[in-house]
Amino acid sequence: MHRSRDLVHWEQIGHVLDRPEQIDLSGIDTSDGIWAPTIRHHDGIFYVVSTVARDRRGGVNFVTTALDAAGPWMQPVVLDAEGIDPSLFFDDDGRCWFTACRDAEDPFLRGPAELYIQELDLETLQLTGPLHVLWNGAVAGAWAEAPHIYKRDGVYYLIAAEGGTERNHSVTAARSATVTGPYRTDPRSPLLTHRHLGPEAVFQNVGHADIVETPAGETWALVLATRPLDGAHTLGREVFLVPAEWTDDGLLLAPGFGHVREMERARSACSATPPLPTPLLSSESSSRVQDFRPGGEACGVLFAGKSRPAVPECP
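In UniProt numbering, the protein residues as written are 1 to 315.
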């Protein structure tokens with residue numbers, strides 16, 4: 001678990017899963033284990049939902065809670081839920097909704113192409129009521145997964161990932177007047193992808209977005225992507241920040257340029273809010289230290305690609 005006040009300075013404050021009695025991961029393959037956790041905060045409680053995957057498939061979905069994001073986190077509660085990529089949405093009426101993706105019954109759709117929703121009882125932390133299928137994605141048979149729901153001005157927006165996790169990965173969207181649907185595809189989908197940039201693009205496999213709103217009123221998207229080197233991405237999928245805006249047409253990702261960039265200016269990084277303590281970097285880990293403190297050479301800059309000097313205007 002990490003925290004930040006400005007999306008630039010980050011501090012590790014603990015772990016959600018830190019003891020075998022919570023989740024036993026012994027004997028799990030390196031490509032399995034904890035998949036795609038989502039964190040939400042509601043009425044003073046932090047919630048994390050995730051999947052324990054085995055054999056490259058969803059195995060067990062669970063939810064755990066804490067009063068402090070640093071912990072301790074309660075014993076996970078196993079949910080009677082199929083599939084992978086769970087998320088939570090808290091509506092204005094206080095009800096909580098669990099979303100995930102599961103294999104579709106239609107053989108043409110292939111794989112985890114059915115996004116669904118079911119209410120989560122906050123007292124028992126168990127699913128309750130009917131299950132509703134929300135959407136099968138913008139493109140049939142394109143592996144719709146990673147659903148997240150947001151509400152703006154009375155409209156429910158569903159953000160998802162499609163195209164698999166390699167070069168066809170993308171962010172797509174749909175909307176509805178009610179939380180349980182029906183959802184209509186956003187005709188602008190995909191909202192973000194790099195599949196058209198070719199194999200030489202610095203960032204590839206872009207998709208699987210979630211949204212964060214800052215206290216300053218800014219909107220940022222967190223997306224997964226890779227940075228291949230000589231045909232391999234040894235760091236696996238990494239998290240990148242992309243500017244976002246809410247418009248009358250819905251969510252707009254990377255407005256004005258439409259792709260993940262090597263460097264972003266954090267619009268509020270030079271605010272009066274003091275940064276969290278930043279640990280000193282060992283000289284063995286890097287020959288160059290970027291100064292992200294207010295007034296420093298990298299103040300307000302988010303590096304996502306190759307490190308390069310930058311001197312933004314900071315007070």
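Quick caveat, the hints were computed from the structure, so don't treat them as lab data. Do not rely on the hints blindly, as some may be mistaken.
To be verified - Below 16 angstroms or equal to it, Euclidean Cα-Cα: the simulated EDC-like pairs (lysine to aspartate or glutamate) are: (1) Lys151 <-> Asp248; (2) Lys151 <-> Asp91; (3) Lys151 <-> Asp249; (4) Lys151 <-> Asp93; (5) Lys151 <-> Glu213; (6) Lys151 <-> Asp186; (7) Lys151 <-> Glu245; (8) Lys151 <-> Asp92; (9) Lys151 <-> Asp210.
None of these values were measured; they are calculated from a predicted model.
A quick look at each hint next to the structure:
1. Lys151 <-> Asp248: 13 angstroms, holds
2. Lys151 <-> Asp91: Cα-Cα ~8 angstroms, so holds.
3. Lys151 <-> Asp249: 13 angstroms, holds
4. Lys151 <-> Asp93: Roughly 12 angstroms between the alpha carbons, so the hint for Lys151 and Asp93 holds.
5. Lys151 <-> Glu213: 13 angstroms, holds
6. Lys151 <-> Asp186: Since the Cα atoms of Lys151 and Asp186 sit roughly 15 angstroms apart, the hinted pair holds (cutoff 16 angstroms).
7. Lys151 <-> Glu245: Roughly 14 angstroms between the alpha carbons, so the hint for Lys151 and Glu245 holds.
8. Lys151 <-> Asp92: Holds: Lys151 and Asp92 sit about 9 angstroms apart, inside 16 angstroms.
9. Lys151 <-> Asp210: Roughly 13 angstroms between the alpha carbons, so the hint for Lys151 and Asp210 holds.
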